[in-house]
Amino acid sequence: MDPSDSNPSSQQSLPYITSNNPLQFTIHLPNSTPNFTPIPNSNPSHDPNPNPNPHSDSISDQLLSLSIPTKRRRGRPRSTTTSSLDQFSKTLVENSNLVRNLTARKNTASFDASDEIIVINKEATTEALIALTAGFPADSLTDEEIEAEVVSVVGGIEQVNYILIRNHILMKWRVNVSTWITKEMFFDVIPKHCSALLDSAHNYLVSRGYINFGVVPAIKDRIPAEPSKPSVIIIGAGLAGLAAARQLMLFGFKVTVLEGRKRAGGRVYSKKMEGGNKVAAADLGGSVLTGTLGNPLGILARQLSCTLHKVRDKCPLYRVDGKPVDQDLDHKVETAYNLLLEKASKLRQLMGEVSQDVSLGAALETFRQDYEDAVNEEEMSLFNWHLANLEYANAGLISKLSLAFWDQDDPFDMGGDHCFLPGGNGKLVHALTENVPILYEKIVHTIRYGTDGVQVGAGAQVFEGDMVLCTVPLGVLKGGSIKFMPELPQRKLDGIKRLGFGLLNKVAMLFPYVFWGTDLDTFGHLTDNSSSRGEFFLFYSYATVAGGPLLLALVAGEAAHKFETMPPTDAVTKVLQILKVMRISDIASGIYEPQGIEVPEPIQTVCTRWGSDPFSLGSYSNVAVGASGDDYDILAESVGDGRLFFAGEATNRRYPATMHGAFLSGLREAANIAHHAKARTMSLKIEKKPSKSTHYYASVLDDLFREPDLEFGSFSIIFARKSSDLESPAILRVTFCGPQTRNHDGIRPGQHLSNKLLFQQLQSQFNNQHELHVYTLLSKQHALDLREVRGGDEMRLNFLSEKLGVKLVGRKGLGPSVDSIIASVKAERGRRKPGVMKSKDTTLKRKIVRKAKVVSGGNRTTSSPASSSRIKAVGSSTTTIHLTNVDLEPKPVCAIGSVASPSLNIRVNDDMGSKSVGSSVQLLHNASIGDKFEGNFGSSTAPLLNVGGNTGSNNDGPIYPRSTYDDSTDACAPPTTGNLASQHTSGDGDMESMMLDGEYRI
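Note that full-length UniProt numbering has the sequence shown beginning at 1, numbered continuously upward.
Simulated from the structure, these hints should not be mistaken for lab results. Heads up, the beta-carbon is just placed ideally off N, CA and C, and yes, glycines get one too. Be aware that one or more of the hints could be misleading.
Within a straight-line C-alpha distance of at most 30 Å, the following computed DSSO-like cross-link-like pairs (lysine-lysine) qualify [said to hold, decoys possible]: (1) LYS483 x LYS826; (2) LYS492 x LYS254; (3) LYS310 x LYS346; (4) LYS229 x LYS678; (5) LYS427 x LYS272; (6) LYS562 x LYS400; (7) LYS229 x LYS272; (8) LYS562 x LYS574; (9) LYS332 x LYS314; (10) LYS812 x LYS497; (11) LYS400 x LYS442; (12) LYS271 x LYS478; (13) LYS400 x LYS427; (14) LYS492 x LYS478; (15) LYS497 x LYS826; (16) LYS826 x LYS229; (17) LYS183 x LYS220; (18) LYS332 x LYS400; (19) LYS272 x LYS400; (20) LYS580 x LYS478; (21) LYS314 x LYS483; (22) LYS310 x LYS172; (23) LYS492 x LYS427; (24) LYS254 x LYS562; (25) LYS497 x LYS483; (26) LYS332 x LYS272; (27) LYS172 x LYS562; (28) LYS262 x LYS278; (29) LYS122 x LYS183; (30) LYS346 x LYS400; (31) LYS278 x LYS314; (32) LYS323 x LYS310; (33) LYS346 x LYS332.
Label-pair distances were calculated between CB atoms; the ranges are [claimed, not checked]: (34) GLU123 x GLU601: 54 to 60 Å; (35) SER724 x LYS826: 17 to 23 Å; (36) ASP143 x ASP313: 33 to 39 Å; (37) GLU707 x GLY156: 46 to 52 Å.
Whenever a hint applies, use it, and build me the whole structure from the sequences.
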């Protein structure tokens, strides 16, 4: 729905907005005042941030279930959905009652000045709406505000006053974004007893880039002539890098930007096209401002006095034969498509966390088959067009998008219209690069970071600084062309691997004149082949904003990948056939020429190749199967104790895959860099949010064991101190490994899905390699003695158990006392020079690694936490081998649907020459720590498990333990170049194309 078309009379009870300019609007407040209700108790333990956590205790409650996701509307303007402004208004009415009620309390009760609800003006509701568009809750604090300690106590009167002041400052900025907002502007409206709250709110908004950012003289003039703060190297001059650079320069930092291309902007690229006295600016990368309310790029456009052009709703579709699609049929298929998306939303709620391992495409295909016999070819082509539009919005195949979280960012939609910037988004890039020190054609290949600073290698040059901000696209991180020294934490590497990074390509065509009409901005074209449904499925008319008769054809989904290798001449020929005339069954057809409209030859054509561009290797990110919104947060985490930072659209959980998401991430990291620099200057140790949790220390421990001080067989050791003290502590890790699969035949009673595709993806998710790590703490002397034990891992395990009397435990079993040892080892290693690796002890040859295997109900062999209970197996063969006692802390029960985990079978191989002996050992699902069982090797007697004095057997069939528990995540889950140019001449020699900077020119 277009907010400008809203009927005021129908919205008497809700605030609503009218606007002819998406950046200048009027907010109408409700006439009636809501009745007074009691003030809700504010619980500091409650998360005020509405950001869903996919790994919460009740994950099914957190899975998003929006009936009409907005992301799928990126290509075709919204026509049947409720606008985000309506959602804002409804939320505002619900949340702004607190402000009204607290104001009412002031008139009915007596308070001290410090307990008084301030009244700044009568526009509190309007200001709360503005705060919502900026990403703030209407009546609570964000997690970031709480962490920044903007108030002394979370909840209560002080928090309410802070929110009122914060919202008022935001409103003041939005009214005039060309001025510098100072605290002095509010002295006459903010009571003196709230001056500390004014300082807190103003400082927070300025430091985080919510106000006082941009390219107007009032802000540029405040950049110091000489930097006084540490130096920061920024890799990448895209929107994220430029936003961070300008903000850091404003803060007084010395900034150097390294850019591999010959231009700035990254994936935002406005290409000047010209010929035949025609000139136009084509946005070959990011093109549409998706939502303008609160959009920082919209604010930049206002500062540059640019009027945005709203993408109009009209979007006719044309059949394969070029004839218009019947509007009633179009509406019918779109309604059915929306219904399937709603069913997919409900399905993921029913499936719970299992839906994380299923694709959106599998779910849609499952439901689509129910209608397969009831649709004709044209309806199927229409349905495929909507799927292509969905793949365009996500830059990914629906077969690879996560059913659970593909639209996790929808609740944070900016609101407002989708717009073009006349003259191209290059205007924003050009303004942001002014006076920013950018070094072009600097292709970074190495980033070293440590406690003494950072070094960035680009070609034969090395740039040194105090901190470094990496803003390269996710595709480049996935490609591994940049080497980090030391290596990035495994947690971040896993997040990079899990997130998806898709592809979108374009064909830009400059014509002598506009033949398609100026009354629309988009039109679509259907195909009769589902595999090519994204090929030139949508056309953007830039004639009204580019300065010339410019038309862009989009290529999405699977077609976008095929397009990478399609000769540019073939691509242009196909597009012209759609527009002009093509032969289908010897019948001439096309969109325009059959209507008597002549289609001229294009003056100039450009084809993009973003997947082949070494500086992007794709277009933008998406949530792939197995990933979640958490992975965006993981990519945003800094590493190296505040030396290495990351920004870009793939680090922004709320606004991924958008230009404003990239820009906001740059502002965010500028604030983080300033925070770390200030703390370091004051010699304060920054306490990271996860540093007090087992997650953090488990992740650090994994990183430390990448480079153990000793390593032999399955054993790795880290020494707490590099000294000769033989009594100093050491951490021992023993690794069990093996392949694992899971049986997924179990389905809940009454649940049946006919399509195999839905659950084939579940099975493949678990066909990976697993490792189980167990630990213990011992002295350095004992660690050295253990290294000298001969006879392989079995004898070393025996030495640990019988000679030293130690027990191997899971990571949590080490207890909190070992956290200080982990921290000290990490700190000591951080003092080493970046990139200098300590050599491993390799004086002993690797022995045969003891393997613990799990055999499922069938014949498949899978790995398992072989030590999930205390195990002591005594052999009755000629060779007696004593396994160690292995203690693991209790694990949470993991029920993934009704899928049963395999039973446990331990096969013992000694390395002393005896033949393999084994016994099938079944574990009862209720086994606990300290329980023992015994089995006779070579016998067929079913083993018994003693549980609390009672004996159980497996005579009634296999009894399964629960699924694997991962210590590092507290989750039950399976572990899981240069600027090149090449020239090509077509066969007829008439056309020449060159690939340079992600594009083909013809």
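Review point. Given the proposed pairing of LYS400 with LYS427, does the C-alpha separation stay at or below 30 Å?
Key: It is violated: about 35 Å lies between the C-alpha atoms, which goes past 30 Å.
Check your understanding: Between LYS262 and LYS278, does the CA-CA distance stay at or below 30 Å?
Key -> Satisfied, since the Cα-Cα distance of roughly 25 Å is no more than 30 Å.
Review point. Does LYS562 lie within 30 Å of LYS172 when you go C-alpha to C-alpha?
Key: Distance ~50 Å between LYS172 and LYS562 Cα, so the pair is violated.
Review point. Given the hint that LYS562 pairs with LYS574, does the C-alpha gap stay at or below 30 Å?
Key: The hint holds at about 14 Å.
Review point. Has the given pair, LYS492 with LYS254, been kept, meaning a C-alpha gap of at most 30 Å?
Key: With a Cα-Cα distance of about 28 Å, the restraint between LYS492 and LYS254 holds, given a limit of 30 Å.
Review point. Hey, LYS492 versus LYS427, does the alpha-carbon distance stay inside 30 Å?
Key: violated (34 Å)
Check your understanding: Quick one: are ASP143 and ASP313 within 33 to 39 Å, going by C-beta?
Key -> Between ASP143 and ASP313, where Cβ atoms are some 37 Å apart, the hint holds.
Exercise for review: Could you say whether the range 46 to 52 Å given as a hint is met by the Cβ separation of GLU707 and GLY156?
Suggested key: Holds - the Cβ-Cβ distance for GLU707 and GLY156, about 49 Å, lies within 46 to 52 Å.
Review point. Does the structure keep LYS310 and LYS346 at a Cα separation of 30 Å or less?
Key: It is violated: about 33 Å lies between the C-alpha atoms, which goes past 30 Å.
Practice item. Using the beta carbons of GLU123 and GLU601, state whether their distance is inside 54 to 60 Å or not. Key: holds (57 Å)
Check your understanding: Is LYS183 close enough to LYS220, meaning Cα to Cα at most 30 Å?
Key -> Answer holds: LYS183 to LYS220 is near 19 Å, not above 30 Å.
**Study point:** Holds or violated: LYS497 to LYS826, with C-alpha atoms at most 30 Å apart
**Key:** Distance ~25 Å between LYS497 and LYS826 Cα, so the pair holds.
Violated hints for the displayed structure, listed by number in ascending order: 3, 7, 11, 13, 19, 20, 21, 23, 24, 26, 27.
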